[in-house]
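Student: Chain order of the listed sequences is B and E. Per numbering that gives the first Met the number 0, the very first residue in the first sequence carries number 0; after that it's consecutive. Per numbering that gives the first Met the number 0, the very first residue in the second sequence carries number 0; after that it's consecutive.
In short, the hints are calculated from the structure, not lab data. Please note that a few of the clues may not be correct.
Copies of the same chain are indistinguishable here, so a pair counts whether it falls within one copy or spans any two.
[Stated by the list, open to error] In silico BS3-like pairs for lysine-lysine, Cα to Cα no more than 25 Å straight-line: (1) K69 / K304; (2) K69 / K309; (3) K57 / K309; (4) K69 / K201; (5) K319 / K309; (6) K319 / K57; (7) K57 / K281; (8) K304 / K281; (9) K257 / K69; (10) K281 / K257; (11) K319 / K257; (12) K319 / K304; (13) K281 / K201; (14) K319 / K281; (15) K309 / K201; (16) K57 / K257; (17) K304 / K257; (18) K69 / K57; (19) K257 / K201; (20) K257 / K309; (21) K57 / K304; (22) K69 / K281.
Keep in mind it's a predicted model, so treat the numbers as computed, not measured.
Residues per chain, in single letters:
Protein chains: 2
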Amino acid sequence: MAQQEFDTTAFRNALGSFTTGVTIITATAPDGTPVGLTANSFNSVSLDPPMVLWSLAKTSLSVEAFNEAKHWNVHVLSQEQQDLSNTFASRGENKFAGIDLEEGLSDAPLIPDCSARFQCRNMVTHDGGDHLIYIGEVLNFDQQDLPPLVFQQGQYAMTARKPWEGVELSSEPKAPECSYNEDLLGYLLGRSHFQMLFRMRKVFDEQAHEDSHFFALSVLNIQANLSLEEINDYIEYTGHSLTDTDIEFLISQELIEKLDDETYQLTANGRETSLLHIAQAKAIEEELIRDLGQGDVMALKLLLKRLISKTDPGLPDLWKAKETAK
Amino acid sequence: MAQQEFDTTAFRNALGSFTTGVTIITATAPDGTPVGLTANSFNSVSLDPPMVLWSLAKTSLSVEAFNEAKHWNVHVLSQEQQDLSNTFASRGENKFAGIDLEEGLSDAPLIPDCSARFQCRNMVTHDGGDHLIYIGEVLNFDQQDLPPLVFQQGQYAMTARKPWEGVELSSEPKAPECSYNEDLLGYLLGRSHFQMLFRMRKVFDEQAHEDSHFFALSVLNIQANLSLEEINDYIEYTGHSLTDTDIEFLISQELIEKLDDETYQLTANGRETSLLHIAQAKAIEEELIRDLGQGDVMALKLLLKRLISKTDPGLPDLWKAKETAK
Chain B
0 MAQQEFDTTA
10 FRNALGSFTT
20 GVTIITATAP
30 DGTPVGLTAN
40 SFNSVSLDPP
50 MVLWSLAKTS
60 LSVEAFNEAK
70 HWNVHVLSQE
80 QQDLSNTFAS
90 RGENKFAGID
100 LEEGLSDAPL
110 IPDCSARFQC
120 RNMVTHDGGD
130 HLIYIGEVLN
140 FDQQDLPPLV
150 FQQGQYAMTA
160 RKPWEGVELS
170 SEPKAPECSY
180 NEDLLGYLLG
190 RSHFQMLFRM
200 RKVFDEQAHE
210 DSHFFALSVL
220 NIQANLSLEE
230 INDYIEYTGH
240 SLTDTDIEFL
250 ISQELIEKLD
260 DETYQLTANG
270 RETSLLHIAQ
280 AKAIEEELIR
290 DLGQGDVMAL
300 KLLLKRLISK
310 TDPGLPDLWK
320 AKETAK
Chain E
0 MAQQEFDTTA
10 FRNALGSFTT
20 GVTIITATAP
30 DGTPVGLTAN
40 SFNSVSLDPP
50 MVLWSLAKTS
60 LSVEAFNEAK
70 HWNVHVLSQE
80 QQDLSNTFAS
90 RGENKFAGID
100 LEEGLSDAPL
110 IPDCSARFQC
120 RNMVTHDGGD
130 HLIYIGEVLN
140 FDQQDLPPLV
150 FQQGQYAMTA
160 RKPWEGVELS
170 SEPKAPECSY
180 NEDLLGYLLG
190 RSHFQMLFRM
200 RKVFDEQAHE
210 DSHFFALSVL
220 NIQANLSLEE
230 INDYIEYTGH
240 SLTDTDIEFL
250 ISQELIEKLD
260 DETYQLTANG
270 RETSLLHIAQ
280 AKAIEEELIR
290 DLGQGDVMAL
300 KLLLKRLISK
310 TDPGLPDLWK
320 AKETAK
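Next up, chain B with everything else stripped away, as it sits in the complex:
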């Protein structure tokens, strides 16, 4: 077959379609120096005997060390170890600085807090074009329930797991694409928000609160000394607004108080109420983390933040200190 003209960049991009985890592989050089690098070319080979493989560019500065090493360790990185991945992907020195290495079976450095680790004895090294393929026997391994870091199309990523049985909200066959069905993102966001708020309401309904009161207390929890107009600037996008009557009600409930400059702040009681709301919201979130999994909730939050950034109509930054000269 004729030799193809190969576009290496396009080839690399196509390979990027295959999603991988991210690993750091470590060994100790003959002179005792620890070496390590980030690789996503790891994969399982055999269950019995337990074997794994990974490959290393022949141009890598660590080739010599790995060729001499009898042992190497594979660390499947967790979501929290993205910085570590970047460090070990660079050619910098002292990559191991600040890492509290653990004692392993061999002299290969063992990094803590990974999703999984495989301590291996190098069995054989095969030629693989511009790379070398290292195949090792797994002597020991361990695993922690930490969401793994993912790499796809040249980007880090998180996973959203698909239950085997699927997820259908309605028991009815799905309506055609063009109509209103449970796949509409706007519907899913609204229903998610309102179901979460529905749980919250059990707490704040006891104090006969309106949604607008709840939003106002949350805003005043972050920013003190806001005028009614300023409060409404922050909550306007919810479609709710606070009226003079609402203000009177909140004052009568001793939740907020008026200051000399016609601005408002939480009373001690109001702060306690608002903190109770936050504690309740966090409790609901903890329950969801148990139900959906830590990694999936992390992925959901990431996606919501990206959606919020993209759809922001220019809302004032609630956490930014008020300008004093106002």
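Once you've looked at the hints, dock chain E against the given chain B.
Tutor: Frame of chain B, contents of chain E only:
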């Protein structure tokens, strides 16, 4: 080193921490029969020359065919090909039934609609314990912008990509964990929902609609002949409710009409208005797909559905036909 007692199930679970894509590898047996199987043991090896590898259990029924095959094709599956993945993971016959195979460089079957494909010439096969490692030279490849199927911890998954620059909603340093900050899931859901609705309001504000009117029209778009009470059963969880005054307003606007049995349905005008809302919601969603990527929006919807299932307070199924005997 002493032989370790190896728990194969635990080892398999630990390997599952390493996320992978899902591939189907195909070849043609000497007798002309197409063979194919699902594998996640694929990985890249070399860029120049272009080489990839994958491994196959020695007990596989296809071993003989692959050992004889001069060529094999790797198909990186898309999210839409989960069923195909299941088919090729089974030992069933006629796995290729119904697939409109394409013409490739070799005799190996080429499956359409994949995220990426690599047409390979087998270079060398290495022993790998209970598996064989096939290393191939990539003769041709192609790629489509289809979100890839992902496998992690024994489950299919989707990815939520992390932008390199990170995503921060506030320019301020983050408040401590215990207080109200932008990481609170309830806040993120509320803000996402309201920002989406904020965009929608541009359309329905022109008709001086309240949120409750919008929700009522949506419900009547799915279910006709609902009483006021029944409408409110469906929208109660939003904290909104429809009053007699709202009903009068919607009738005066010729959006809904009252039937003889004291139930309501959309007028032709009301249906048109509701369809306009849905079209607008879909347009906003299309814009988000362009901004965030198809795969990320799919992952977001999946996670929201899982959240809704877990937090459902027992809402009536909007898409389920009303019982006639009511």
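Student: Hints first: check each against the structure and report whether it holds.
Tutor: Checked hints:
For a Cα distance limit of 25 Å, the shortest separation of K69 from K304 qualifies neither inside one copy, at 46 Å, nor across copies, at 49 Å. Taking the closest pair of Cα atoms, K69 and K309 never come within 25 Å of each other, the shortest separation being 50 Å inside a single copy and 49 Å across copies. For the identical chains of this complex, K57 and K309 are neighbours neither inside a copy (42 Å) nor across copies (50 Å), given an alpha-carbon limit of 25 Å. For the identical chains of this complex, K69 and K201 are neighbours neither inside a copy (61 Å) nor across copies (67 Å), given an alpha-carbon limit of 25 Å.
Taking identical chains as interchangeable, the C-alpha atoms of K319 and K309 lie at most 25 Å apart only when both belong to the same chain, with a minimum of 20 Å there against 34 Å between chains. Taking CA atoms no more than 25 Å apart as the test, K319 paired with K57 passes in neither setting, with 50 Å inside one copy and 62 Å between copies. With identical chains, the CA atoms of K57 and K281 are never at most 25 Å apart, being 50 Å at best within one copy and 50 Å at best between copies. Taking the shortest Cα distances, K304 and K281 sit within 25 Å of each other both inside one copy (17 Å) and across copies (20 Å).
Taking CA atoms no more than 25 Å apart as the test, K257 paired with K69 passes in neither setting, with 73 Å inside one copy and 83 Å between copies. For the homomeric pair K281 and K257, neither the shortest alpha-carbon distance inside one copy (29 Å) nor that between copies (44 Å) is at most 25 Å. In the homo-oligomer, the alpha carbons of K319 and K257 lie at most 25 Å apart inside one protomer (22 Å), although the nearest pairing across protomers, at 50 Å, exceeds that limit. With identical chains, the CA atoms of K319 and K304 are at most 25 Å apart within one copy only, with a shortest distance of 17 Å there and 33 Å across copies.
In the homo-oligomer, the alpha carbons of K281 and K201 lie at most 25 Å apart inside one protomer (14 Å), although the nearest pairing across protomers, at 33 Å, exceeds that limit. Taking the shortest Cα distances, K319 and K281 sit within 25 Å of each other inside one copy (22 Å), while across copies they are farther apart (33 Å). Taking the shortest alpha-carbon separations for K309 and K201, only the inter-copy value of 17 Å comes in at or below 25 Å, while the best intra-copy value is 32 Å. For the identical chains of this complex, K57 and K257 are neighbours neither inside a copy (71 Å) nor across copies (78 Å), given an alpha-carbon limit of 25 Å.
For a Cα distance limit of 25 Å, the shortest separation of K304 from K257 qualifies neither inside one copy, at 34 Å, nor across copies, at 43 Å. With identical chains, the CA atoms of K69 and K57 are at most 25 Å apart within one copy only, with a shortest distance of 18 Å there and 27 Å across copies. Proximity of K257 and K201 under a CA criterion of 25 Å is satisfied in neither setting, with 28 Å inside one chain copy and 35 Å between copies. Taking the shortest alpha-carbon separations for K257 and K309, neither the intra-copy value of 36 Å nor the inter-copy value of 41 Å comes in at or below 25 Å.
Taking the shortest alpha-carbon separations for K57 and K304, neither the intra-copy value of 40 Å nor the inter-copy value of 46 Å comes in at or below 25 Å. In the homo-oligomer, the alpha carbons of K69 and K281 never lie at most 25 Å apart, since the shortest distance is 48 Å inside one protomer and 58 Å across protomers.
Comparing the model with each earlier hint shows violations of hints 1, 2, 3, 4, 6, 7, 9, 10, 16, 17, 19, 20, 21 and 22; every other hint is respected.
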